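Enquirer: Chains A and B, in that order, give the protein sequences. Everything in the first sequence is counted per the UniProt record's numbering, starting at 1 for the first residue and increasing by one. Everything in the second sequence is counted per the UniProt record's numbering, starting at 1 for the first residue and increasing by one.
Calculated from the structure, these hints are not laboratory results. Treat the hints loosely; a few may be bogus.
[Stated by the list, open to error] Cut-off 27 Å, straight-line C-alpha distance, at most; resulting in silico cross-link-like pairs (BS3-like, lysine-lysine):
id : chain 1 : residue 1 : chain 2 : residue 2
1  : A       : K99       : A       : K22
2  : B       : K62       : A       : K116
3  : B       : K184      : B       : K195
4  : A       : K108      : B       : K195
5  : B       : K273      : B       : K248
6  : B       : K206      : A       : K22
7  : A       : K22       : B       : K253
8  : B       : K419      : B       : K277
9  : B       : K151      : B       : K290
10 : A       : K116      : A       : K22
11 : A       : K116      : B       : K166
12 : A       : K108      : B       : K290
13 : A       : K22       : B       : K283
14 : B       : K273      : A       : K22
15 : B       : K273      : A       : K108
16 : A       : K99       : B       : K303
17 : B       : K151      : B       : K166
18 : A       : K108      : B       : K277
19 : B       : K248      : A       : K116
20 : B       : K30       : B       : K78
21 : B       : K86       : B       : K114
22 : B       : K290      : A       : K103
23 : A       : K22       : B       : K140
24 : B       : K410      : A       : K116
25 : B       : K425      : B       : K446
26 : B       : K303      : A       : K96
27 : A       : K96       : B       : K78
28 : A       : K108      : A       : K96
29 : A       : K116      : B       : K253
30 : B       : K283      : A       : K108
31 : A       : K2        : A       : K120
32 : A       : K22       : A       : K2
33 : B       : K380      : B       : K425
34 : B       : K277      : A       : K22
35 : A       : K99       : A       : K74
36 : A       : K120      : A       : K76
37 : B       : K249      : B       : K283
The structure presented is a predicted model; accordingly, all values stated were derived computationally and were not measured.
Given next are the chains, with one letter for each unit.
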Amino acid sequence: MKILIVDDERDVEMLFRQKFRKEVRANEIELAFAFSGNEALEILGSDHPPQFVYVFSDINMPGMTGLELLDKIKIKFPEINVSMISAYGDTENYDKAIKSGAKEFFTKPIDFDILKAEIKRLSNQ
Amino acid sequence: MYFVNFFSLLILYYLRSNIIKFNPTSPLKKWINVGFVVASTLWIAGGSFEFSEAYIIATIIKILSVALIAYLGYLVYKIPEFERTKTLLNAVAPIIILGVIEDLIEIINPRFYKEWEKVFEVALLFAFIWAVVMYFITRKQRKALEIERLKAIEREREMEIIESVKASLELEVADRTNELIRQKTELEKTLEELKAAQSQLIHAEKMASLGELTAGIAHEIQNPLNFVNNFSEVSIELLEEIRELRVKKRETKIDTKDENEELQDEILEDISKNLEKITHHGKRADSIVKGMLEHSRSNSGEKIPTDINLLADEYLRLSFHGIRAKDKSFSADFSTDFDQSIPLVNVAFSDIGRVFLNIFNNAFYACNDKRKVSESYIPKVQVSTKNLGSIIEIIISDNGNGIPDQIKDKIFQPFFTTKPTGLGKGLGLSLSYDIIKVHGGEIAVKSEPNHGTQFIITLPLD
Chain A
1 MKILIVDDER DVEMLFRQKF RKEVRANEIE LAFAFSGNEA LEILGSDHPP
51 QFVYVFSDIN MPGMTGLELL DKIKIKFPEI NVSMISAYGD TENYDKAIKS
101 GAKEFFTKPI DFDILKAEIK RLSNQ
Chain B
1 MYFVNFFSLL ILYYLRSNII KFNPTSPLKK WINVGFVVAS TLWIAGGSFE
51 FSEAYIIATI IKILSVALIA YLGYLVYKIP EFERTKTLLN AVAPIIILGV
101 IEDLIEIINP RFYKEWEKVF EVALLFAFIW AVVMYFITRK QRKALEIERL
151 KAIEREREME IIESVKASLE LEVADRTNEL IRQKTELEKT LEELKAAQSQ
201 LIHAEKMASL GELTAGIAHE IQNPLNFVNN FSEVSIELLE EIRELRVKKR
251 ETKIDTKDEN EELQDEILED ISKNLEKITH HGKRADSIVK GMLEHSRSNS
301 GEKIPTDINL LADEYLRLSF HGIRAKDKSF SADFSTDFDQ SIPLVNVAFS
351 DIGRVFLNIF NNAFYACNDK RKVSESYIPK VQVSTKNLGS IIEIIISDNG
401 NGIPDQIKDK IFQPFFTTKP TGLGKGLGLS LSYDIIKVHG GEIAVKSEPN
451 HGTQFIITLP LD
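Construct all of the structure, not just a fragment, from the sequences and the given hints.
Expert: The structure is reproduced here in structure tokens:
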């Protein structure tokens with residue numbers, strides 16, 4: 001299962017790779033990273049049909065925001081699951097994300113146990 | 001010699017008119033009337049006996065007439081009240097004296113009188129001229145005096161008018177002075193109020209910018225702090241994995257621990273502990289940041305009609321039991337005085353509840369502090385509510401140590417705390433301030449060192 005994580009903070013990659021070391025080594029999942037909305041769209045559009053099944057995106061990013069990215073992915077690749085990860089757990093962002101078709105809404109700091117459970121559930125389907 | 005009675009009457013007439021003019025209440029008036037009667041009687045009696053044979057009676061009447069005029073003359077000179085008549089007396093005195101002397105001489109020595117009659121007549125003429133001249137002079141003087149007197153009266157009246165005008169002016173001035181003083185005090189009061197309002201505005205402005213700043217800082221710190229926490233957590237997990245691998249390795253190879261490996265284990269253990277410390281303090285920082293973020297969320301709650309009395313009561317108990325749970329030795333009295341006429345108020349009840357909880361916690365904390373130093377002291381926390389028509393007032397008071405004046409201004413600032421490090425973040429009251437502001441209310445503190453503190457919250461009843 002191929003997962004794309006979108007966040008303007010580059011250290012996210014290191015953190016996720018370490019957190020999901022076991023899963024990656026066991027070939028349960030494959031991680032890819034994008035550091036902006038545009039980069040994410042490039043990666044998703046580089047192969048047809050995209051192999052990614054899940055995108056986790058930050059909301060607050062320079063340039064394209066996570067919510068804008070969400071809208072674009074939902075139009076171009078409606079079959080890809082998108083969940084939002086945000087430091088702003090306010091209802092406004094939550095409502096907007098869910099309305100635009102986000103699967104889940106996670107707040108920072110990320111609880112990796114919940115995140116892992118979510119991924120496991122999807123890969124078992 | 002009866003002619004002297006004419007002068008007696010003249011003098012009496014003047015005395016009388018003077019008295020009537022200047023001193024109508026004088027007791028001498030009565031005696032003047034007596035004098036009139038006596039003089040008239042003597043004159044009439046003298047006239048009727050003039051040509052009779054009752055020589056002795058005529059003589060007595062003559063003597064009495066002379067005595068009367070002499071007595072009157074004496075009185076005029078003696079009594080100050082009769083002073084004005086002196087000039088008249090001076091005018092007529094020569095005629096009287098000459099007349100009397102002539103008469104006396106005529107009686108005693110008619111011959112001598114006959115011889116010197118011409119001289120006597122001339123003397124009498126001069127005396128008469130003297131009297132007439134004196135009369136005119138006195139009349140002139142009297143008129144001048146009269147004019148003077150009238151002028152004086154006029155002046156006196158003018159003075160009186162001036163006095164009364166002055167008095168009324170004086171009153172007017174006093175009135176105006178009072179009015180000015182009243183206006184001055186009013187202005188001073190207004191100025192005081194304006195100054196207070198200004199300082200309140202400055203305070204509010206400062207608090208608002210501090211709140212924004214606090215929330216801004218929190219947002220900026222949150223992300224790096226998340227990384228610190230996440231990386232230290234993942235590092236702990238990694239170390240755990242290493243340890244598991246090493247144990248596995250030993251098990252499969254039936255390897256005995258050599259010295260190096262033991263040292264490595266120890267170091268790995270230390271690193272793991274260090275990471276735990278990093279996580280622990282990172283979490284601590286995180287909870288501070290969370291508190292700071294509440295500032296930006298102080299207007300997030302949805303407002304619903306809430307029973308403020310019930311809410312206050314609930315949080316009072318929650319605070320008390322919360323502190324009791326942490327400190328078994330803690331005890332305090334608490335009481336409520338709720339105004340049941342308060343209607344439901346539109347508030348974000350969890351936010352207002354947080355305000356109550358903060359203030360109750362502080363109140364109990366203040367009491368507990370005082371309890372530790374004073375044995376006889378009974379801690380007491382009280383909450384009362386009052387419906388003031390367009391607003392409601394909630395007063396939370398304690399009888400703790402109070403807040404010193406020099407820090408009273410700072411208690412609503414973020415990060416201001418008097419609690420020992422680790423016990424308070426100094427965000428409770430600043431957050432409470434923000435929440436109450438968002439609700440359009442006011443929060444104020446009154447405190448008397450050593451006697452206690454009162455927090456007064458007002459909320460509008462839209």
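Enquirer: Is the hinted pair K283/B and K108/A satisfied, with a Cα-Cα distance of at most 27 Å?
Expert: holds, 13 Å
Enquirer: With a cut-off of 27 Å on the C-alpha distance, tell me whether K116/A and K253/B pass.
Expert: violated, 33 Å
Enquirer: If you draw a straight line from the CA of K151/B to the CA of K166/B, is it 27 Å or shorter?
Expert: At roughly 22 Å apart (the allowed maximum being 27 Å), K166/B and K151/B satisfy the hint.
Enquirer: So if I understand the rule, the pair passes when the alpha-carbon distance is 27 Å or less; does K273/B with K248/B pass?
Expert: The given pair, whose Cα atoms are some 22 Å apart, holds under the 27 Å limit.
Enquirer: Within a Cα-Cα threshold of 27 Å, do K116/A and K166/B meet the stated pairing?
Expert: It is violated: about 101 Å lies between the C-alpha atoms, which goes past 27 Å.
Enquirer: Is K419/B within 27 Å of K277/B, Cα to Cα?
Expert: Holds. K419/B to K277/B sits at ~23 Å (cutoff 27 Å).
Enquirer: Holds or violated: are the alpha carbons of K22/A and K283/B at most 27 Å from each other?
Expert: holds, 26 Å
Enquirer: Given the hint that K108/A pairs with K96/A, test it: the Cα-Cα distance must not exceed 27 Å.
Expert: holds, 17 Å
Enquirer: Given the hint that K2/A pairs with K120/A, test it: the Cα-Cα distance must not exceed 27 Å.
Expert: holds, 12 Å
Enquirer: Under the criterion that the straight-line Cα-Cα distance not exceed 27 Å, is the pair K249/B, K283/B satisfied?
Expert: Violated, at roughly 34 Å.
Enquirer: Between K99/A and K74/A, is the straight-line Cα distance small enough, at 27 Å or below?
Expert: With a Cα-Cα distance of about 11 Å, the restraint between K99/A and K74/A holds, given a limit of 27 Å.
Enquirer: Do the alpha carbons of K277/B and K22/A lie within 27 Å of each other, as the hint requires?
Expert: holds, 25 Å
Hint violations for this structure: numbers 1, 2, 4, 6, 9, 11, 21, 23, 24, 27, 29 and 37, all remaining hints satisfied.
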